[in-house]
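**Student:** Residues per chain, in single letters:
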Amino acid sequence: MTRAGTNAAAAAETVVLVGTTKGAFFLRSDAERDRWRIDGPHLRGETVYAMAYDGRAGRRRIWASSHSFHWGTVLRMTESFGERWTPPDRYEVKFPAESGLALEQIWQIAPGPASEPDLLYCGVQPAALFESRDGGESWRPVEGLLGHEHRPRWQPGGGGLCLHTILVDPTEPRRIAVAISTAGVYRSDDGGATWRPRNSGVRAEFLPDKHPEFGQCVHKVVHHPSRPGRLFLQNHWGLYRSDDWGDSWHDIANGVPSDFGFSMVMHPHDPETVYIIPLESDGFRVVPEAKLRVYRTRDAGASWEPLSRGLPQRDAYESTLRDALAADTNDPAGIYFGTRSGKLFASRDNGDSWRCLADGLPPILCVKAAVVGAPAAA
Amino acid sequence: MAVTILLPRALLPYAEGNAEWVCDVSCTTVRDALAALAAHRPALVDRILNERGELRPHVNVFVGDEDIRYLGGLAARIDDDATVAIVPAVSGGVARPRRGSCGQARRRAVYAPPGGGRHVDFPST
Numbered sequence: 001m002t003r004a005g006t007n008a009a010a011a012a013e014t015v016v017l018v019g020t021t022k023g024a025f026f027l028r029s030d031a032e033r034d035r036w037r038i039d040g041p042h043l044r045g046e047t048v049y050a051m052a053y054d055g056r057a058g059r060r061r062i063w064a065s066s067h068s069f070h071w072g073t074v075l076r077m078t079e080s081f082g083e084r085w086t087p088p089d090r091y092e093v094k095f096p097a098e099s100g101l102a103l104e105q106i107w108q109i110a111p112g113p114a115s116e117p118d119l120l121y122c123g124v125q126p127a128a129l130f131e132s133r134d135g136g137e138s139w140r141p142v143e144g145l146l147g148h149e150h151r152p153r154w155q156p157g158g159g160g161l162c163l164h165t166i167l168v169d170p171t172e173p174r175r176i177a178v179a180i181s182t183a184g185v186y187r188s189d190d191g192g193a194t195w196r197p198r199n200s201g202v203r204a205e206f207l208p209d210k211h212p213e214f215g216q217c218v219h220k221v222v223h224h225p226s227r228p229g230r231l232f233l234q235n236h237w238g239l240y241r242s243d244d245w246g247d248s249w250h251d252i253a254n255g256v257p258s259d260f261g262f263s264m265v266m267h268p269h270d271p272e273t274v275y276i277i278p279l280e281s282d283g284f285r286v287v288p289e290a291k292l293r294v295y296r297t298r299d300a301g302a303s304w305e306p307l308s309r310g311l312p313q314r315d316a317y318e319s320t321l322r323d324a325l326a327a328d329t330n331d332p333a334g335i336y337f338g339t340r341s342g343k344l345f346a347s348r349d350n351g352d353s354w355r356c357l358a359d360g361l362p363p364i365l366c367v368k369a370a371v372v373g374a375p376a377a378a
Numbered sequence: 001m002a003v004t005i006l007l008p009r010a011l012l013p014y015a016e017g018n019a020e021w022v023c024d025v026s027c028t029t030v031r032d033a034l035a036a037l038a039a040h041r042p043a044l045v046d047r048i049l050n051e052r053g054e055l056r057p058h059v060n061v062f063v064g065d066e067d068i069r070y071l072g073g074l075a076a077r078i079d080d081d082a083t084v085a086i087v088p089a090v091s092g093g094v095a096r097p098r099r100g101s102c103g104q105a106r107r108r109a110v111y112a113p114p115g116g117g118r119h120v121d122f123p124s125t
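These protein sequence lines map, in sequence, to chains A and B.
Counted from 1, the first sequence has number 305 at position 305 by this note's numbering; the numbering is strictly sequential.
Counted from 1, the second sequence has number 5 at position 5 by this note's numbering; the numbering is strictly sequential.
If we strip away everything but chain A, and leave its shape as in the complex, we get:
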């Protein structure tokens, strides 16, 4: 077994955050990622839909949305890998009374750009974007989206009317894109004051008009910090790429067994490389042919290759959710995903080969990865 050396880069710790229906688990390793320590469950018994690591400004903060079946949803934070959590005193993420809305779930937690270390976002159900400008102490809804004229016509997807994806332009922080099921992609270029639907070219198979201005059931959108205007989108049927911040989208489902799925993640260092886990169909949400395969493109969607080495290739009736596929920032990159059956798989060679790190966890809702001690991504 190899061990990391003592130089600064190797001393960084790789951390995988796993949110499940019964709490959160942390997996920690060194840069070699050959031996992992698994700790949990934290927030025992609660549903953890969203997690995030915030390493900006020297912080080592782990955020989690903690949903109690009885008592509602609250954001929690730990700076000690779960030894202590911020007391969930008041519920700071909540709608103003005049909105007539009530928080159901927090689906996404997204640190803002490195240049604004106190800026955080979260995406919630019913669909809205909240922001904090004091490092998570207080939150308010982004009014331009909360009061959007399309809101009365947005429809809930199978998981509810949720804002599940937040993309901030690291070069122009006033540009933000979000994805809502089922409303599609919306983008603001003025810090959230105004929002326009950005769905041209994305199909809505379930509507009479297959190409509406909005109403698409977008499952996930990703981009790379070095090329933020190029977006990749996993749709409820359809794989797309945009090279102009969502102004137009083009089909890139070239050679995948199904263009239905939820999970999608960028390679941390290559803006041409994206990973997905296709599912057979919306009527049969398991991996095609009961073979658990991750698909990778290394040419921005011109072609896709299956990655199956080390993954079960028979009787694998597995499925993954939209935030259950993640990448660390090591080189070679670690890629991680969790299944609804509670299995956590990992690759430490850009996805070429895989191992099961945990089997028997509660159903996995989200997986996030970070290198602690490394400079924060832009």
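Don't read these hints as lab results, they were simulated from the structure.
Even for Gly, the Cβ is constructed at its ideal location relative to N, Cα and C.
Among the hints, erroneous ones may be present.
Chain B residues, not near chain A, derived (Cβ > 10 Å throughout) [to be verified]: (1) Thr4; (2) Leu6; (3) Ala10; (4) Tyr14; (5) Glu20; (6) Arg31; (7) Ala36; (8) Asp67; (9) Ile68; (10) Leu74; (11) Ala75; (12) Arg77; (13) Asp79.
With the C-beta cut set under 10 Å, the calculated list includes, among others, these residues of chain A facing chain B [to be verified]: (14) Gly72; (15) Val74; (16) Leu103.
Given the structure of chain A, go ahead and fit chain B onto it with the hints provided.
**Tutor:** Below, chain B without anything else, positioned relative to chain A:
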């Protein structure tokens, strides 16, 4: 005479460990009693009502032995010596706290034996 609110174990961390709270103002409805409670324990009432002031769907409130759903909801009228009980519905669960308080989850559970977690080797390929 005063209205008494009984709290479930899961909410004791937000009531300084007290399982009951005696209302110090006059209340004529359950909503009045919860508003009085919110004035002293806002974090507690965050967990009982959502931001629209509605009872969370899996929280039950009883006046005496009767569920307020059959008494007019939060508008249910109460006497000045009423007992109002907050009860989590059986349609869910809560982690059992250790040694008395604060609803802290047992940390050493599935994957955290003494020493801080178990280890998984990632064999060379």
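**Student:** State for each hint whether it applies.
**Tutor:** We went through each hint and held it up to the structure:
A cut-off of 10 Å between C-beta atoms confirms that B:Thr4 is not in contact with chain A; the least separation is 21 Å. Consistency note on B:Leu6: stated as away from chain A, and its beta-carbon is indeed over 10 Å from all of that chain's, at 16 Å minimum. Non-interface call for B:Ala10 relative to chain A: violated, since the shortest CB-CB distance, roughly 7 Å, does not exceed 10 Å. Here B:Tyr14 does not stay apart from chain A, with its beta-carbon only about 8 Å from theirs, under the 10 Å limit.
For B:Glu20, the condition that its CB be more than 10 Å from all CB atoms of chain A holds, with the nearest at approximately 18 Å. Distance check on B:Arg31: its Cβ is at least 15 Å (rounded) from any Cβ of chain A, clearing the 10 Å threshold; non-interface status holds. Chain A leaves B:Ala36 outside its interface by the beta-carbon criterion, the shortest separation being 18 Å against a cut-off of 10 Å. Distance to chain A confirms B:Asp67 as a non-interface residue, since its nearest Cβ pair spans about 15 Å, more than 10 Å.
Chain A leaves B:Ile68 outside its interface by the beta-carbon criterion, the shortest separation being 16 Å against a cut-off of 10 Å. Consistency note on B:Leu74: stated as away from chain A, and its beta-carbon is indeed over 10 Å from all of that chain's, at 15 Å minimum. No Cβ of chain A comes within 10 Å of the Cβ of B:Ala75; the nearest lies about 18 Å off, and the non-interface call holds. Here B:Arg77 stays apart from chain A, with its beta-carbon at least about 25 Å from theirs, past the 10 Å limit.
Separation of B:Asp79 from chain A is adequate, the least Cβ-Cβ distance of about 27 Å exceeding the 10 Å criterion. Hint on A:Gly72 holds. Least Cβ distance to chain B is approximately 6 Å, under the 10 Å limit. Because the beta carbon of A:Val74 sits about 8 Å from the nearest beta carbon in chain B, less than 10 Å, this interface hint is met. Evaluation of the A:Leu103 hint against chain B yields a held restraint, the C-beta minimum of about 7 Å falling below 10 Å.
Going down the numbered hints, you'll see the structure goes against 3, 4, while the others check out.
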